[in-house]
Amino acid sequence: MTAVQIIRSEWTKIRSVASTVWTLSLAVVVTVALGMLISALSRNQFDSMPVRDRLAFDPTFVSFAGMSLGQLAMIVFGVLVVSNEYSTGMIRVSLAAVPRRATFLFSKIAVAAALALAVGMCMSFAAFFLGQAMLGPHAARIGDPGVLRAVLGGGLYMTLIAVFSMGVAAMLRSPMLSLGILMPFFFLISNILGNVDATKKIGRFLPDQAGSRIMRVVPGLGDDTPYGPWGGLGIMVLWVIAALAGGYLLLRRRDAQ
Amino acid sequence: MIEAVGLTKRYGDKTAVYNLSFQVRPGAVTGFLGPNGSGKSTTMRMILGLDNPTAGAVTIGGYPYRKLPNAPRQVGALLDAKAVHGGRSARNHLLSLAQLSGIPARRVDEVLGVVGLQEVAKKRSKGFSLGMGQRLGIAAALLGDPQVLLFDEPVNGLDPEGILWVRNLMKALAAEGRTVFVSSHLMSEMALTADHLIVIGRGQLLADMSVRDFISANSADFARVRTPDTEPQLREKLGSALAEAGGHVLPEQDGALRVTGLALPRISDVAHEAGVRLWELSPHQASLEEAYMRMTQGAVDYRSTADQKAGLQQPLPPGAQPPMPVPGQGQPGWYAPPPPQQGGQPFAMPAPGAAPAGPYDGAQAGGHGAPGGPSAGAPNPYAQPASQAPQAPQGQAPAPAAAVPPPAPQQAPVAAPADLTKPEDPR
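Line by line, the protein sequences give chains A and B. Residue numbers for the first sequence follow full-length UniProt numbering, so the first one is 1 and each next one is one higher. Residue numbers for the second sequence follow full-length UniProt numbering, so the first one is 1 and each next one is one higher.
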């Protein structure tokens, strides 16, 4: 049995359930629409902004404003891809067919990650160009320094969020439990930790905060983050590797159910 | 060839399977029998490498499943008919499994035809009935044309036509030289399908023998002899005459005699010599279901109790009769009449000591003999073991009539009106 066969099989699985289409299209729509809305609002209010804010104005990052909400749909996608196997009992059929559990888990995650990457890149570029169109005179161009990096980084960020969720779901197995932990974490807790002064220094090492650094072209004034754009993405990759390793170790040890 | 050696599985402090050793040979259908919760599915899951055994090992063709090269082409399994993503169509479900082992998509349509699901191949499996789910599961098992097949309760939810089809399918697969291992809790089904039986109870081996051996060991023939009801003394007379002639005579609940050890013509001759008229002389065979029930009786985890409906009961109007209980309902052991030959080894077992709480342990200490019944003097071999008393239905415990129906006329539920007037637990 080659990895190619498992990947083809996983592709059949992923394309034949409705949740894939729904979660991914929701992620694209939410990210792009919210980014356009915020961009349009920023354009109208640019003149009334304080000078400080105008100096730190980052048109690329503004057009990515929808990512914080769109990433929740990516989390749902990542969680469902893995936990569907458990909630339906399909895991027993799958593991009976692929006794080598590492091959099974990583083929599944590879297929889902490739799909998430393709969708994430489209989403990132769409959000950038449509957002810039809304910004009008304040828009950035893709050729400006750092902008292409930020747009590619946006696609990578979305992919990594989805893969991180897959790792967590592989550890927790239950879709409800996984979503119940991941959703509030990324939507609330991470934001709170990152905005309260006392916890800021820890908060910025969380996967989403570190990873989203790559989407900024203009770092905020007085920005003292100890890592650069790629360093931040590296921190996020470490989180993802940890989640996947945990998922694999548990899958290898546990009874399949 | 599936081979288990000392297979043990514990979940926390509950032992699901204990020290199970058996072999499943190719070219035969091997039935895997046991009551609910006896460890059949756990054993199947360990064979497929889904659960790790706490101790012992199980191999297929000499390999532990997780090390088996190209496992889906070697082993096909139906574990759980509902283990399918409900949003995926039957065809896509099978296609994803086929692609795993490089099976062409053509084969998917083939097996869909074999199980009769081609009409609904494009439908989401969410709307499938249990029987359709079983067919889909069987299709998945057949996909790789494997040499070893495992089926966990394949006939659950199937219609009679489907049951017949599964039965013939199993036999055909075995006739092609494959190893077929089928679990069930229905002895009657296995008697028709299987060539070999492995019976477990409470996770331990109770029997490992061919169906033919099981039948000859357990379904001894007996003759039912009935004398005129109007003359009870004739019955006594015939009973002693038959006993003198070397027969084993057991009185039955309705006044007939159950005779073993004598051929029918001989019984007739003895009756003629004794001058006893006969109303009935008929050959009978104890069913395999009964033998299986007796074997597993001590190992049943989940027993029903009689539904007393105490919480619902209205005071009966004066003079009204309480409803008659349905015979057999909620009466443990009602289905398991004693074996034809009393005192003999009721069934052959390869390892008689395998059952820790055998159904006959402590029977004499139980003191469940019917008061005044003919079996009061002789120990009743089928009384509940004393050690199991707490698990036995409490409502019935003091009423031996309901707990165990040995062939004593006084113990038949319908012949115990004194009990029926007391609707509640006599305690």
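I should point out that these hints are in silico values taken from the structure, not numbers from a laboratory. Please note that a few of the clues may not be correct.
[To be verified] Here are some, though not all, of the chain A residues that point toward chain B, as calculated from beta-carbon distances under 8 Å: (1) Ala18; (2) Ser19; (3) Val21; (4) Leu95; (5) Ala97; (6) Val98; (7) Pro99; (8) Ile192; (9) Leu193.
Remember, it's a predicted structure, so these values are computed and weren't measured experimentally. Glycine residues also receive a C-beta, built at the ideal position from the N, C-alpha and C atoms.
To see whether the hints hold, each was checked on the structure:
1. Ala18: holds, 5 Å
2. Ser19: holds, 7 Å
3. Val21: This hint is violated: A:Val21 lies away from chain B, its Cβ roughly 11 Å from the closest one there, beyond 8 Å.
4. Leu95: holds, 6 Å
5. Ala97: holds, 5 Å
6. Val98: holds, 6 Å
7. Pro99: holds, 4 Å
8. Ile192: violated, 36 Å
9. Leu193: violated, 36 Å
Violated hints, in rising order: 3, 8, 9; the structure is consistent with all others.
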